[in-house]
Each structure stands twice: as C-alpha cells, then as structure tokens.
Amino acid sequence: MSGGQPNRLAEGGLVQRDREIAFHFDGRRYHGHAGDTLASALIANGVRLVGRSFKYHRPRGVFTAGSEEPNALVELGRGAGRDPNSRATVTELHDGLVASSQNRFPSLGFDVLAFNDLLAPFLAAGFYYKTFMWPAAFWEKLYEPVIRRAAGLGALSGKADPDAYEKATAHCDVLIIGAGPAGLQAALTAARGGARVILADEDFVPGGRLNGERMEIARTPAHEWAAKAATELASMKNVRLLTRTTVFGAYDGGTYAGLERVADHLPAVPPHQPRQRLWRFVARRAILCAGATERPVAFADNDRPGVMLASAVRTYVNRFAALPGRSTIVFTCNDDGWRTAGDLIAAGGAVEAILDTRGAEDIAHLRDIAGDAPVFTRARPIGTAGHKGLSAVTFLNANDRPVTLSADCLAISGGWNPNVHLTCHRRGRPVWNDRIAAFVPGSDAPPGMVVAGAAAGAFSTHGALAQGTERALEVLGDLGSKQPASGIPDAEDAPYAIQPVWHITQSKGRAWLDLQNDVTVKDVEVSHAEGFRSVEHMKRYTTLGMATDQGKTASVPAIAVMANLTGRSIAETGTTIFRPPYTPVAIAAFAGGLRGRAFRPIRLTPAHDWSKEQGAVFTEAGLWLRPQWYPRRGEKSWRESVDREVRQTRRSVGVNDVSTLGKIDVKGADAAAFLDRLYTNTMSTLTVGKVRYGLMLREDGFVLDDGTVARLGDSHYLVTTTTANAGLVMQHVDYCHQVHWPELDVHMVSVSDQYAQFAIAGPNARKVLRKLVDARFDIANEAFPYMACGEITVCGGVAARLFRISFSGELAYEVAVPARHGDAMIRAIMEAGREFDIVPYGLEALNVMRIEKGHPVGSELNGQTTAGDLGLARMISAKKDCIGKVMAGRPALTDADRMTLAGFKPVAEGEELTAGAHFVGIGREAKTAHDEGYMTSVCFSPSLGHFIGLGFIRRGHQRHGDKVRAVDAVRGRDIEVEICSPHFVDPQGERLRG
Amino acid sequence: MRLPCPLCGERDHSEFVYRGDANVVRPDAEAPGAQRAFHEFVHLRANPAGWHKEHWYHEMGCRSWIVVERNTLTHEVRGAVTAAEHTLARRPAPVADEGGR
Amino acid sequence: MRYSALSLLVNAFSGQKNWTPVWREPEPKPEYDVVVVGGGGHGLSTAYYLAREFGLANVAVVEKGWLGSGNIGRNTTIVRSNYLLPGNEPFYEFSLKLWEGLEQDLNYNAMFSQRGVLNLFHNDAQRDAYARRGNAMRLEGVDAELLDQAAVRRLCPFLEFNDVRFPIQGGLLQRRAGTARHDAVAWGYARGADSRGVDLIQNCEVTGFLVEGGSIRGVETTRGTIKARKVGVAVAGSTTRVMDKAGLRLPIESHVLQAFVTEGLKPILPGVVSYGLGHFYISQSDKGGLVFGGDIDGYNSYAQRGNLPMVEHVCEIGMAMMPMLGRARILRSWGGVMDMSMDGSPIIDRTPIDGLYLNCGWCYGGFKATPASGYCFAHLIARDQPHEVATAYRLDRFETGHVIDELGHGAQPNLH
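Keeping their order, the protein sequence lines are chains P, C and W.
Numbering-wise (my numbering), the first sequence opens with residue 1 and increments by one.
Numbering-wise (my numbering), the second sequence opens with residue 1 and increments by one.
Numbering-wise (my numbering), the third sequence opens with residue 1 and increments by one.
Hints should not be assumed to be uniformly reliable.
Unchecked claim - Distance condition first, Cα-Cα at most 25 Å in a straight line; then the derived SDA-like pairs of lysine to any residue:
| no. | chain 1 | residue 1 | chain 2 | residue 2 |
| --- | --- | --- | --- | --- |
| 1 | W | LYS227 | W | GLU25 |
| 2 | W | LYS266 | P | GLU20 |
| 3 | W | LYS17 | P | LEU118 |
As the list claims (entries may be wrong) - Computed, partial: chain C to chain W, Cβ under 7 Å:
| no. | residue |
| --- | --- |
| 4 | MET1 |
| 5 | TYR18 |
| 6 | VAL42 |
| 7 | HIS52 |
| 8 | LEU73 |
| 9 | HIS75 |
Rather than coming from a laboratory, the hints here were simulated on the basis of the structure.
All residues carry an ideal CB built from backbone N, CA and C; glycine is no exception.
Turn these sequences into a full structure, and let the hints guide you.
Here you go:
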C-alpha cells in the first residue's frame, strides 16, 4: 500500500502515481493522485464516512463511482464560489481542492440531527401532511422554520457567483453521447465515413466502463484500446471530441443541450476561459451510447458506509487502484457481480464471501472466479452491523439459516438499468424487457436518435462495439454518406444472466430504496396502504427519486416493490417521467454571459456621447438609454433641472433627442390604401408634404399605438411609432400586409436606427432652425406650416427630413438626419441655439410638457383603453374599415359609463398628486364598488405652478369641475382633486401654429 | 425546435415570434353579422392536439410571416410556406374576365 | 381516519400497519346528481365544496389519469391575491381567505406558508402601475405595500442592486401571499371529498357527452356510461379536447409553461420574489429546492415539455436578479399545458348546453385559485347562478367586450 494512502493498491490503475495532489476534506489534509476523483482519493485514504442522509441524517459513504451517486455529496471550495451538493464521485482531484461534508451539525462524526433517526417510527412517508396543523399560526412561526432548517443539503454562499460562463452552438451530422465502447466505435465508424461528428462524454477520460474493467479489446487492455480510439478521433478534422461534457437534455428538432466543465478540474479558472460552457448541439442524427447504471437490492440496514455497488467497487480497484474495503462480501443476483469478486482477487484484495441469490446450478460456470473465497448460493442478506461504517453482514443461507460474516465492504449487484433518460426527454416511455429485467428505450425516442450498447440493453463489450458500429453505419446510410469498411474488434461477449431480486422480504427493519431521501420499503408500503398506488403518487408521497440523483439507482427497485404490492407487473406499473437535465446543471451555466450589466444589450442614440458630455442623467427606456434630465451646476434636485428645462423651452427654445421613436418607411403604389386599413383615420387623403396624427387599434378594438404619418411622396410615407412599441408595430404592419393583404403593392422597412432625430421646440425654434436649414428651403410659417413635412438639406448639403409636429405644444420641428450625422447635428443645433439660450431637455421635461398638453403615452396607452377612452373616438373614420374597427363597436367598448381620459388638479394649494391613485367619490367608503378610475400620469407643471395629472374616470369628459378623492393607500395618501380638461396649457393650440 | 423558413432555411425557433392559428381568415367588415364573425376570428380557436398550421414571424431574420405546419403533441415540423403564399393560395380563384384583353 | 399527532403516535407504535386508504377506489355508479370531469385541483375542490357547502354528495369525479395528475402537480406553488382588475381581485382574495383556513378545514397539512410575495419594479412607470394595482387591492381590503429600494434591500439583501442592467427601484409586497405543497392540496381535497361520499374514479376518461334536447344527461367514459343531471368540466390543459366532444369552440389556446427546481439547499429565500422586466418568479420549498419559472414557451403545445431557449431565458433573468443563484443546480425541469384564454383570465360559466358547466382558461394562475375556483364552480353547478366573486368570468365576455385583461395584451394568448 502506498505511503499515506492506506487503501491505495501498490500497482495498477490509471492514476498518475508520480503526480501527488494534496487536498482537504472537512479540514483534514490528504493526498491523492492526478487521475483520482475526490471519491477515489477518499477511499484510498480510508475515509468511509462522507455524508449524512437527508431525513434521518444517517451516516453515508461512497456508493457509486459515477454521476448517479446518491450519498457522497460535498461542498466544494470556499467563499463566493462554493459549490454545494457536489458529487465526490465525479469531482476530479486537483491541487488545493477543499471539500467539506454537509447536512450535519456540528460535525460529520457527531451530528445532533441524527436524533431524527430515533424518531423514524413517527416520520413515515407523508407524516407532515397529518400534523403541524394546530394552531394555524404556528406553521410559519415554529413548525416550518424547524423543518426548513433540517431539510436541504448543502448551502449556497449567498454571494454572487464569481465565475464566468459562456454558451456555444455547434452543428454536426452525428452527435454521439457517451464515449464508452459503443460510443467510441460509433464515432470511429461515423468519422471514417466522413460525417461531421461530435463525441461528448461526461467523464474526463474517454472509455466509459472500459476504464473500470479488467478486460481486453483487440488483445490489448480495454482502457488502452479506448485511449487509442480517442487519440485517433481527436486527430480527425471532422470530429470534435468533448470530454467533461454531459449531454443532459434532448429537445426538439435535433437540438441537444450539453454542459462542458471547462475549468472545474483546475485549481482556478484560467484567464479568458469560462468555468463552464453550455453547448447547444444541433445534430442531424444522434447515437445515444450512455451506458447503463447498476442497481442495488433492498434489505435491512443496507445503507451503511461500505455498502456499494459492485461495479463501483471494481472501478475503484481497476481504474483508481483504491481498495474500498479490507474485506469485501460480494452480493449478486446476476453474473456480472462475479466480475467484482474476480477483479478484487486479481488485485490482491480479500473477498470474504460471494453471496448469490441463485441456485448452485445457475452459477456453476462462475465457480472458478471465486478461487478460495466461500460461495453461498440462494443467499439473502437480512441485515448489517456497524455504526459509521459496515462491520458485518448477516444473510440467510440456502437452508434459511442466518449466517453473519465480518466485512467492511459489501459489493451489491442487483443488475443493470440502461440509461434511457435522453430517449424519454421528448415524452418517450421506456419499455420493460424481461430478459434483462430492465427498462430499455421504447420505439418513441426523439426523431433522429438511435441507441447503442448498454443503453440499448446490449451489456457485453462485444455487443456494445457491434451495436456502435451498426448504428453508425445505419446513420451514415440515412445521411447519404459513404460506408467505411469496418471491423468489430475482438472483445468478451459473455451472456448476461440474471434472476432479478428487488427486496429481501425475509429481512426485518428498514430496507433503504432511496439512500439520499431516506425512503425505505416500509414507506412504499405505507404509500400503498394509503392509496397512493400510481407510480407518480408513490414518488410524490414518499419523495422517492426526488433527490439530487433523481433516483438513478433507486427508482427501478422501488417500482418493483410497488408492483409487488399492487399485484401488477413492473411493465404495467411503469416509470415516472424522465425530465431534463440528466444530471443537475448550474443556473449560471444557462445564463452564460448574460448577467449583470450585460444581461441585455444597451441601445444608444447617435447623440448619446454628446448627452453624456453634458452630464445628462440617463434612464432605461426598454433597451434604450435616454437622457432623463440635464442637471446644471448648483441645481439641488431633479425637479429644479426639469422645471428649468420646461420653462426655458416654453420661454425660448429647447431640444430633445427623439431618435428612439420607431420609424417605418412605407412605399408602393398601394401604400395609401394599406395605411388606410392600418390606421383608424384616413391617410390616403393626406397631401404630399403633410403629416397627420394617426391611431392604430389592435384587431380586438383596443388602442395599439399612436404616432405620426408623413407623406413624403405619392407612394411614399414615413410612419412613426412610440419608442416602446417600435418592434411590435413593425411586426403588426408586416402581419397585416403579408397575412391579410399580400396582394397590395407595398413595402415596409424599419428605419428607426437609420436616422437621428431631434425635436426643436419653443417660440424661437424657427429662428434656430433657420440657421441650420440650407437657404434654398423656405421654412416660414406660410411656406412650411404646422403639420408640414419635407425632404431638405441642412448644414450645407446634408440630406435631412423636416417635420413640423409638436409634442410639447410649442412651435416645434423634428429634424431627422442620417444616423452618422446625429452627433454633428446636435452640436450644430446647440451652436445655432446659443444666442437663444437653447436648452437640451430630457424625458422628464418632455413628459411634463406632454401632460400639460394632455397627450397620451404608454401609461395611457396601456392596452386596456379604447379610442373613445382617450377622447379620440372621432378619429375612427366611418367611411372605411380598418384593423380593430368592428371589435371597437362591441357593447362594453362603447359603454357610456366607461372611464375616459380627464385632467386632474389638486383642490388644496400645493398638494402633490401621485400616479396609481384610485378615484373615489367624496364621502363614500373607499372600496372596490366605489372605484371610479385611476390616475395614470402626474407632474408638477412649471407653467401653472401646481401639480397636474391625467387619468381615467367614469364619464370623465362630462365631469369637468367635479371633485373626487384620489386614494393612494399604498403611499398613505388620500386627497381631493378636481376633474378638468386634460389640455392644461394652450388648449386652443395657438402656439404650435405660430 | 427548428423552423424551416422558406427564405432563410432552417433556423432555431428563438429567431421567430409566434402568432397562433393560421387557418382563421379576417372577415369582411361590411358583410352582415360582421361583429359575430370578427369575434370568432379574433377569439375562437380550434386549438388542435395534433397538426396545426400556425403563424410565425422571422423577426430576427427576413421579417417574413410564415405558415408552419407543426404537431402540437410532438412538436414535429412538417414544412412551411410564406404567409403571403398561403393567403393567396386560399383566395377563391378570380372570376374570369369576360371582357377579354 | 382523523389526522393528528396522536394518530401518528399510534401508528408509530403499530409499525405503520394501520393506515387506511385516503380515498376509496369505487366503481362508477350508473347515475349521479353531478359528475365533475377532471380530478385535478379544481375538479377535486369542486366536488369537495359541492358536498360540504351545497349538500350534494351523490357526486362523482372522473379522472382520465391519476388524481392530481394535471397542473396541480406541476406548478410553482405560488398563492397570492395581488390582482388589478375588479373582475379578478375579489375572487382571488376570496381564494386566499379559503387558503387561510384550508388545512384545519381539510384536516390535512398542505403546508400553506404565508411568507410573502414581492414583485420588483425597475422604473417610474412600473412603480405607478404597481401603485395602481396595490391601491386596487387595498380598496378590496387586501394587504399591499409599496416598498422603496431601501425597504426591498432590507427584506431581500441577496438581490443584486449594483451590477445591474435594470436597477431595482422597489417592489409591491403582499405579506399574506406565499406558497403551498401542491400535491397535498389535491390529496387533501380528494380525501375530504371522498369522506363526504364523493366517488373519485381514476383512469376514467370522458369520451363523449350525453345530450338530449339541448340538456346534459351524462357522460360516456372509458369505464362506461355515467348518467348525471349536471356535469361540470374542470380540465384545464385539456379543455379544448374535452369540449370538442360537446361541439364547443372556445377562446382558448393550449401552451406549455416550463418550471424548474434546484437541488435541495439550506434556507436562503424567505418568500416569493419576482422580477419586473421579463418574467421570473422563485421561492424555496420546505425541502430546500428553489422552485422557479418564467414565461410560457409561447407556441401552441400539448406536449407537457418545452425547449431550451426558454430555459436559458428564465435563468438569465434569475442571474440578473440574484447572481447568488449561480451555483444552484437545476435538478429537474418540466412542462405543463396551460389553458391560455384570450384575455388572460379564467372562465367559470354555463354553456349553451343546459346543465353542462365549464371551468377553464386559468392560464398559469390556476393553482392559487384552487379553493375559490372549486367553491364558485360548485356554487354555479348547485344553484345555476354564479357566485358573487366570479360573476365576471363569463364565456360571452369576449363577444361583448367585457374582457378582464390584467396585462393589456389583447387577444393574443401567448402574451398573457
């Protein structure tokens, strides 16, 4: 035995003995080798107790050597990047690895919650549904906190995940899932046929079971054959070989999800590398070669550390040269279990006995394997001993006499279950196969997927190699690729003989099925007795198979136990549904790089840098960042800045960056006719060089969006949308054209990003503009009146579009230039406006001015309002159909009692208004029945010197002058307001025509 | 899920926006009973468990509305045509112009 | 058998051998007063309240699979009554009140836990929209608090406030909201209904309706004809498929909603939190799993499973909101079929066939509604009149325009 690692075999194994690695477990320092997993290193160091179970806090040891591990869950690392519930069996050992046990207090050896184990008689399946109900208030305060603390396994750090993640997409002809004998052979065959192949395996060494077995392929050790195959594949240009990559989900259209653990095996994530990479594989065909998982047998106290799957025992011996026990008993009901005995003996381990449930005649051909070890036929374990680790096993011999033997390891083989999971992710159901006593893939695997090797129930090495070859050739045929000459290398082809045993019924006491969630045969019996007999009811009532391993080793034995209780067959009982992911995947991996400030892209207008130079405060508007206000030195609050911007705009001139508006260019002989069908009002009568305000409805009659329509030519319009709805309206416009009226000769394109657009507003707007617009264009009031538009040039020949439209209510223009000139344009505007003390104004000032004018925006166009609600019923032309017109005529939408848009002002001087308040009649109780409407937008009006608001209230347009309460209970406010016209400033619109 | 855009080829469905049943046809607003017909057009759906012709919009591609035939039980996709083609193909054949050319 | 600490004790000492089935497995009788189609949460609670509140015990529930096999067994278990519109809010508050007394009423611990639901907002417009909603709740006598950023920080210090694309400005909190153990709700109602004489008939699929002269006479099932004076259908997810057999075309699309649970973790989330820009909601179960979800995938589906883009989308939002989630591993994802209605609100109404009643269109809010949905449906079936809190859930509201559109997205189910 190697120094310091008491259970390390002197020779053999695939670990690199010349590379020693130091690691910590529960504060103690140990050594292992490169090529070890944490589990194999712990075993080599003689550590048997590695965890505690979920419910009873029973001592737990390593149970498997793979990703199906239910017991050996640890927290890895320290600090923000701590990884709870990590399976030691698939954790590659690396320098500085720090692991600690979990779900125990104060220590793994002494866990006070192990007291739960004594309470086990009271804690049968479903106990919590039957108590903790009195008194009701105690649930949140007492019972639940206690239950919650006791439950859960590992703990998150509570800090942001410090590592980087990324996503990648790869297309291939053939995705091969699993690099065991079937997968390697399939990959070699497909790749030699010229197909683009991706081969992914969850392990860090390709080979699958070949690395854990003592056998030969083509007369070389199997692991060497695997390594050679992997080398050949890695050298081929049409192959991508991904180790440490679990294909965990099968989705539609040949899409598969994989997780590559790029840096989990390294002491630190290398620079510019992610910790993990989420792969989306798009594959024309997939060959599932995911192997099989061994299953245990239930009998009393079968849960102690030292009880392991037989295949795991020989994996630790063969691959890791680590001996799980000084003296091992092998318990099996099939031939495969004997391999463990043989390999142990060959490695110099002590086999105390071989227990086989079968009769002497069934195992005659295996006798030689046992050597000197005693063999017990028709043997049935009925109990174990040992507190924190196995010390003895008691079984009934062929004469039903109890026999007790000392051993610190029990290797159990209850047979093998094909890993059918990915065949079921699209709701396929596995089918029961009596010959191998296991569920195998059904005929309803995802389209394009075939299954080879142990995953398909071919358990011999030859069978796996042969199926890998055959499936790959079939796939090549499907894809029309050439068929390479292919031989199947020599390998063992032992028949798989099993007489399945699920539960030793003669054993008394708790017989574990689900080791992590502590579900025993008794719990399944209680579930059955209480009527929870469907396999789904059983799972949900007992929590069997709901632990981190999703019942990979527990489910089939439990199904068999339930089948026995109900008298149905296992096939009739069926499985629960297999769902992605195959093994758990970190949330961060799914998010990839889209987190923090990079969560969503940021859209910036062409004038953004300029606004930033001015010290603008920005706010999010969808994906856009827009200037909210432009503070000046000495201003103490945002209100001060906004009030100034409004006052100066109304007094002289201001400029606002409106580039974010949606802009759609519409052209074609039928453009006018098309727009008539989209808008409630008529656009075909608009003369060239004019703009009209337009209202669009959804087909259900509610308002979709508003904006302007400018006619730039006979068959050329430019349509604007609100910033928020730019994408939605484009979609809608395309829908209406392509789905409803494809015969119309009209073409649309979004030009939102192609133009920078600025609103210049205020009494001096024309004077500013005059300095910018090239002299040959007349923009005098008569030549370019309110609602005029035209194509012009500015600043000496820069093509531009000019619209005389106003959102602020002032004399105003919007000038649009190609986006690349946006930055220069805003600087030119500011320069031209300097003599008028031009101010840039932000979204807040824009909002104030539009409320003062009673223009609706998103708060009013909330998808619940009609044209009538907004006071725009007259905009629905009676002369033509348009989208939404018919449905706008439904009784509820034309009800005279509807809430309509109105203005509101506080009754008491100086009172603030708040949006979201509901209106209730004065003197009436504030309750739903008296709810008359709600406030949508409010602001302080610098023009009027008090707060004003917009809102919807029943028959609002008829109630100007009435007073109601604005009840804002969530802000602790309840004030009187007066209903008024929503047009607070210049209701006649004289300024904008000036 | 992969959708065969007739213009762009096969793409992941995340490039598309969904809009439901492609069998409904916008009624004639002038015809008698238009309100009832529009109600049925806007609200009532066959919602089959099985093959379904449905509208998708290739928003992150060519901006085509397409009609995809897809199985709502299995998510298998049988094919797709542009919505414009689909609409025009469903129109009743134009009455022959008796006046000649 | 009445459940109590004592019953647990007695069974502990008798080796758990004396538990009896929580429900019988009866053969269907030839005729019932009422047949409820659908043994999910809503169907079972309907049967329970028919027996308990309306004195109708000659009732059968017919279920094509196993009891609770629909969306009651695959949701994210959130219970709340923070609705905006007067058509909804009183109904959901009625439901919440029933939740508050449910376990004592059923003598079954469904682990209803009022640990609060917090909806975050990220800009002024959202804040005002939440104020509007919070005030609507307060007018109905429901608890609602508008929190500013500092208050959200105190309540949920684990949220990300600094490295963010969309800063958290505050949230709307309903403290009485929370979560419940979903399966247990189905089992509790089933046990309560069974003990009051209701026949719960599993593996019994309805294949047709018996209609004579415009009136319902019963149902055809895979286990034979069952006559009934009245039939109530509560089969959200399968509504179209079942009601097709009665010749009804409905304002419903079936969509898939995915949900996710992580491995068990020590307690880290106090209540339910949801993000304001993009749909994401999360809570922690008593077993320690983080249970979360987001939007529906967005296309018609009966497949009970979804696709990868939505998984990524949901996790992106989760990470943006609380990047401490990063190392939590998704253990299982699943999908349920949602009855998405054209306005995002449910239907509890009569049908054109006399004596045939319909309960559907729950979108993805059906779990919280389980008690009130059953109560109101039972009321409608027993009295042929809608319960006062469910008068808005009419089938003809789409034609008349009395839609209940909380989100304002219009007649496009995948946007609700």
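Checklist entry - Taken at face value, is the distance from the CA of LEU118 of chain P to the CA of LYS17 of chain W at most 25 Å? => result Satisfied, since the Cα-Cα distance of roughly 19 Å is no more than 25 Å.
Checklist entry - Is the Cα-Cα distance between LYS266 of chain W and GLU20 of chain P 25 Å or less? => result Roughly 34 Å between the alpha carbons, so the hint for LYS266 of chain W and GLU20 of chain P is violated.
Checklist entry - Are LEU73 of chain C and chain W close enough, Cβ to Cβ, to be under 7 Å, as the hint says? => result holds (5 Å)
Checklist entry - For the hint on HIS75 of chain C, does the least C-beta distance to chain W fall short of 7 Å? => result holds (6 Å)
Next on the checklist: Under 7 Å is the threshold here; is the Cβ of VAL42 of chain C close enough to any Cβ of chain W for the hint to stand?
Outcome noted: holds (5 Å)
Checklist entry - Minimum Cβ distance from TYR18 of chain C to chain W below 7 Å? => result holds (5 Å)
Checklist entry - When the nearest CB of chain W is found for HIS52 of chain C, is that gap smaller than 7 Å? => result holds (6 Å)
Next on the checklist: Between the alpha carbons of LYS227 of chain W and GLU25 of chain W, is the straight-line distance 25 Å or under?
Outcome noted: holds (19 Å)
Checklist entry - Does the interface hint hold: is MET1 of chain C within less than 7 Å of chain W, judged Cβ to Cβ? => result Cβ of MET1 of chain C sits 5 Å from chain W, so the hint holds.
The structure does not agree with numbered hint 2 stated previously, though it agrees with all others.
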